[in-house]
Each structure stands twice: as C-alpha cells, then as structure tokens.
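Peer 1: Sequence:
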Amino acid sequence: MYTASRLALIQTLLIHAVLVLVYSETCSAFNQLNTLTATVYWIVISGVWMGLGIRRMTFTDRNLYRQFTQIFTFRTFPTVYKLIFWITILFFIAPLGLLAVYSTPNNYDSNSYHITRILIWLLNQNLDHFPTTHVQQLYHNVFAEYLILQVFLLTGTDQLINVIQFGAMLGSLSVVSLVGKRLGMDYKGQFLIGILLFTLPIGIFESTTTQSDYVACFLFLCFVYGGLQLIHAYTYKNGLLCCVALALGGFTKYPIFFFACPFALYFGLTFLIRQGFRPTAQLLILAVVCMILTFTPFFTRNYSLFHHVLSPPEGSAFFAEKIPCDRHSVAYTISNVVKNAGLHVALPYNHYNIFMDSVIQWIHKKIGVSVNEPAISLNAYATTFSVHEDMVPNTLHFILLLINVIFLFSQRGSKEVKMLVILSVIGMMIFCTLLKFQSWSTRTHMPFFAVGTIVIGFVYQKILKLRQSVFIVFLLLSCIPFVYGNSNKMLIPTRYFSKKIVAHIPKTVNVSSLKMKHQLEPSLGPYYDFNSTLVKYSYPIKDVYPYSERVKIFSMLDDAGYFDLEKDENVFCMDRTKAYFMNHMHEYEPFRQVLSAIGSDVKNVGFFFREGVGFYHFWASVVHQNHPKVHFNYIYYPAGFSSLPNAKRPFAYNYILTDNLELVKQHIPASRIASIHSSSRYHVIQLKTVSTETYTY
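Numbering of the sequence shown is given in our numbering, commencing with residue 1 and proceeding in unit increments.
Think of the hints as simulated: they come from the structure by calculation, not from any bench. Remember, it's a predicted structure, so these values are computed and weren't measured experimentally. Each residue gets a CB set at the ideal place from its N, CA and C atoms; glycine is no exception. Treat each hint with caution, since some may be false.
[Unchecked claim] Computed Cβ-Cβ distance ranges for the label pairs, DEER-style: (1) 77 to 593: 55 to 63 Å; (2) 319 to 530: 53 to 61 Å; (3) 90 to 319: 30 to 38 Å; (4) 159 to 273: 46 to 54 Å; (5) 11 to 307: 35 to 43 Å; (6) 319 to 564: 46 to 54 Å; (7) 90 to 697: 48 to 56 Å; (8) 288 to 29: 19 to 27 Å; (9) 49 to 330: 49 to 57 Å.
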C-alpha cells in the first residue's frame, strides 16, 4: 500500500508537470497566458481526473476514508517508528510547510530573474523574450518558473509560490525511499533514506524558496528510479517515466544532464544487453522525441535573439557570463573536484576552515594549478561555513557518505549500490570538468547527495546493521538549526535563543542615546566601562566572566531591551515589505523612503535602472501597499531588444522608479514630470500624464 501511495504521488507530480508544459507553451503561442485560460484548463483537467476516479470507484467516501486511515495508522510499524514519524511530520516537515506558505519569497536569484521574468510573462501573456537589463532572465532554464507561473495565474498572488519546491521535496523523499525498496531495504531502511535526504541542509533551505534545485533534483531522482525499474522490468510506462523525467529535469537545470549522463549510458547499455536492439531503439526514439518536444520552443526563442540555442555567445551585444570552463585537463578537473568537495567540509570554527584552506592550497600546488585559475573558476575559493540558503554546506552528509562508501567497497556484493556510487562520482566529475567553480554550487550538488543518501542508508542497514532509530533521531536533531533558523525566514529568533542558552554577552555594549546609557549604567556598571571615551556610546567589557555571571549580565541586558531587535527576528514579527529585501537589505531603507510616493493614482511603474537588476521585490512591496493590480516593466534597455514583438507592446505607466535620476532627466523633459521623491539610492518620478515611451542605449 505504501509503495502504491508513493508511486501515485510521483506519477501524479510528473503527469501534472507535463500538463503544465503543454498549457504554458500552447497558450503562450496564442498570447493567452492569463487567469481565464489557466482556470478553464485546470478545471477541465480536474474534471477529467474526477471522472476517471468515479469510473474506477476511487472517490467513494468509504474508499477515501479507508485509504487515508491505512496510510496514517502505520499498523505494521513498531511504536518507536510511529512516534518518530509523527515527530518528523509535526516538528520538522510541517514547520517547513508553514514557511513555504507564509514566508515571503525573498531569495536573491528569485528577485533577480526567477520571479521577475514570471511577472513579465504575466504582463505580456506569453513566454517570448522581452526587453530587460538582466539578460539571464531570458536564457536561464525555465521549467520551475512554468510551475510557479500556474500559482500566480490561479491565485493572483505570490503567497503560495514557495510551495512548488516544498512539493518537490516531498516527491523526492518518496522517490529515494522507493529506490531503497528497489534495492531490497525494508521499511526501516526506506524511512532512514527519506530522513537522510530530508535533513540535507541545502535541501531544507531549498524547500521553502522559489529556486529550481529541488524541482530539478526530484526529476533527476524520477529518472534514476525509472531507469532502475526499466532495466529490471521493461514496460512502456517505465520508459516514458524515465524519458519525461530526464527531459524536464534538464529543462529545469542543465547540470541535471551532467549528473544523468553516466546513468543514461548505464541504463541504455544494460537495456540493450537484456532486451535487444529493437526495444532499445524504440526507447532511444522516445527519449529524443521527449527532448525535442520539451526544448524546441525555448531553443527557438533563444536562437532567434541570440543566434545560439543556449545563451548569448561571447562577443555578442547580449553576452553576460560564461559558465562553461575555458580549458580542460586532468589537473583542471582535479582542481574543480577538490574545490567543489571543499564546499562541504566547512564547520562553524574559523581555525579549522583556515586549515582546510591551506590543505586545498597544498593540493593545488602539487597538481600545478592555481586555486583560483580564471579559466575554471567564476569565484575565488574559500572554506566558509555559511548558514545561507544558497551556500550552506552539507558537511555531515558528506562525511557520512565518505565513511559509508569505504565500508561499501570493503565488502563483497552489493553491485547495484556500488554502481550507483560509481555513476554518481562520474556525474560529479563531468560537472566539475565542464562548469567553472562557483561558491554557491552546494545547491547544484543536490542530485549527487540525493543518490548519496540512498548509499548511506543501504550501508547502514544492510552492511553495518546498526540500530536505525537512534541514527534517525541524531539526524533530526542535527537539522533543527536549519529548519527553525534560516536567516532569511526564521521561525523562531534563533540568534537570540542561541545567545541566551550559552549566555553570550557583547564584548562592547553599544547604546543609541545618552538616556539609554543612564538606564544601563546602574546595573551594568560593575561589568562594562561606562567611562570609556574611545567610541561614543560604545562601552567595553571589563573582564572575562564565568557562565553563571554571564547569565546575570545577559538577563540585565535582556530586561533593558538590548536584544529586542533579535527577539523580533522571525517571519511572524518582520514587516512583509522588509522581508522581501532580506537578501538586499542595503536597498530596503532607501526604497522604503520613496515607497509612499507611489500614490493611489498609480497605473503602472516604469523600471528605469542603469544597473542590471530584477524588480520582483520592488513590485511586491508596491503591491503590498494596496496596489494589487500594478505592473512593472523595463522602459530602459539595450537597443538590441527593440525588434522583439514584446518590445512593441505598449506599456502604459505614470510612475517611474530609477537608480539614476540624471539619466532619466536626459531622456524625459522636466515639463512632463509632476514630482520627484528621492532617497540616497532611489528616485520615484510621477509623470503629469500616462506615457508608453521606452528608451534604449
């Protein structure tokens, strides 16, 4: 029953992914990407599913009740596993679900291009390329955004768009546990594999964002599971599952193809040996057809503008970045493998991280390659422990994987699991050979670690044969800081409670006024030097105090309100407008100062920026200020975009947001400007009349 439920979940997700692709590309071709067509489309789809369910007697009250109770009673589970399961649901998965629904989408890349391009698709009612100053909005992979687009179309808000990645996480947990079952593991081992993947730090953070990495990981896992099923039991359904998942996975994120390449070759050769030429040729044709149907519209749009199917080539007017490596050699591959592995060895201990930096440097001296060789690096390498949703290391899982791989290969047998390790390592080597090193690649490594969780779980149950419930509890405890303490969307004020637990007191008390100094001095005078004049309103601690004394000092500071700002560091207390700027905090205060200048008469806002940035967080803040129907669009962009059909669509606006007032004045005469409101960084310009003009450079 549990196998059928998990299969039903992943098949449902895959089928609806295909339906999303069909709707998006079809309606885009007719400029009909809008709420009406989306509503009609999904009502029809829902009606079809309900009709099929009624025909098969799936939706009778008795059937639904029986299925629900059978799934969640866990009659065959020991009490300890029932307890662990419900603790996991209530205190780990449910909080992430709450974050996915409640928290503001504020990821850096989401603001820059993921969601900004969705807003422009909604405005234009098509997926065609459009004028922009941030060209990555056009050619970076798009399928995860197609999924988010449906949420916008059906709800009209951004409130639920984080749920896409959360759903991908649930789907991924189902797939890895099914792979465990395929490898002969019982329910305890399957549960362990699911917990291993769930507690992956980068996975926890990704599950509540509008990034694309968990969606890509889910599709990759579906491909791997479909391939394993295919070589053991050839059915058309398994073949279709495998091919569709691979095509959509690559459409979500190109690196999926690098990780999948060795798996595809292994599945293909094994299938050829076991089934013969004709079924293999049919499967290959099916894969090619899936790729063509998936990528052709997107590649056509790219080629028509960039004269290249993937991205603007070097030397073109639209060139922005080159992610593929410029040179290739064994030494360069070793360099990138070592640096990518180094992203997962960091700890919150600076001396250790400095030591690891020296180890990485030593390895590079031995192979004769500069650690920051520009031909194979986009960023400088540093061993850094960062609790950030784009860069958090998977240190614990990396160590567990290394240890368990050693145990695995020290034993005979387990050929299929060993093959998973070999194929995953080859995939990682392809990734490191072809793409330049990036300091935020921990999230791109998710497919590698997802397969790694299967390996760890298998070794732990089948080879080491250790008590799994204890290990599961340890894993859950290890992930508490990541579930509750995501710096972009804290559920509880983790920083405050951490300081309170260890009685961490500031080495220097900083106060905002003389009044606050007089308030603190009577109680804290014995501990801080309030006579110090080195820095105004900054008073150093007098000595190093034991824990019991620090508890008293912390309590005094707390009672005086010294930690009030840190107490409010959670999604429930933070102003939603401010939350949109969590990854752009230097932009928040300057924008807040001019936000009120956008009045109730606003029609739309022209985005006139010299800097190549996205505008989602600006748009969301304006919408949150009771302007739900306002649109933003680029009105200042490179001249090369002028020939695009979407550039010729009139965009009517009566306000302009800019980062360069002088530039605006060069293009718009003062006689057309009603008012200007400025801060240190931004300017809101109200026009006397509605305009549809755009400006190029």
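Peer 1: Hint by hint, say whether it matches the structure.
Peer 2: Taking the hints in turn, this is what the structure says about them:
For residue 77 paired with residue 593, a C-beta distance near 57 Å keeps the hint of 55 to 63 Å intact. Checking the proposed 53 to 61 Å range against residue 319 and residue 530 shows it holds: the Cβ atoms sit about 58 Å from each other. Between residue 90 and residue 319 the CB atoms are about 50 Å apart, so this pair departs from the stated range of 30 to 38 Å. For residue 159 and residue 273, the Cβ-Cβ distance of about 51 Å falls inside the hinted range of 46 to 54 Å, so the restraint holds.
For residue 11 paired with residue 307, a C-beta distance near 39 Å keeps the hint of 35 to 43 Å intact. In this structure the hint that residue 319 and residue 564 lie 46 to 54 Å apart at CB holds, the actual value being about 48 Å. For residue 90 paired with residue 697, a C-beta distance near 55 Å keeps the hint of 48 to 56 Å intact. A C-beta distance of roughly 22 Å is found between residue 288 and residue 29, which places it inside the suggested range of 19 to 27 Å.
In this structure the hint that residue 49 and residue 330 lie 49 to 57 Å apart at CB holds, the actual value being about 53 Å.
When held up to the earlier numbered hints, the structure conflicts with hint 3 and nothing else.
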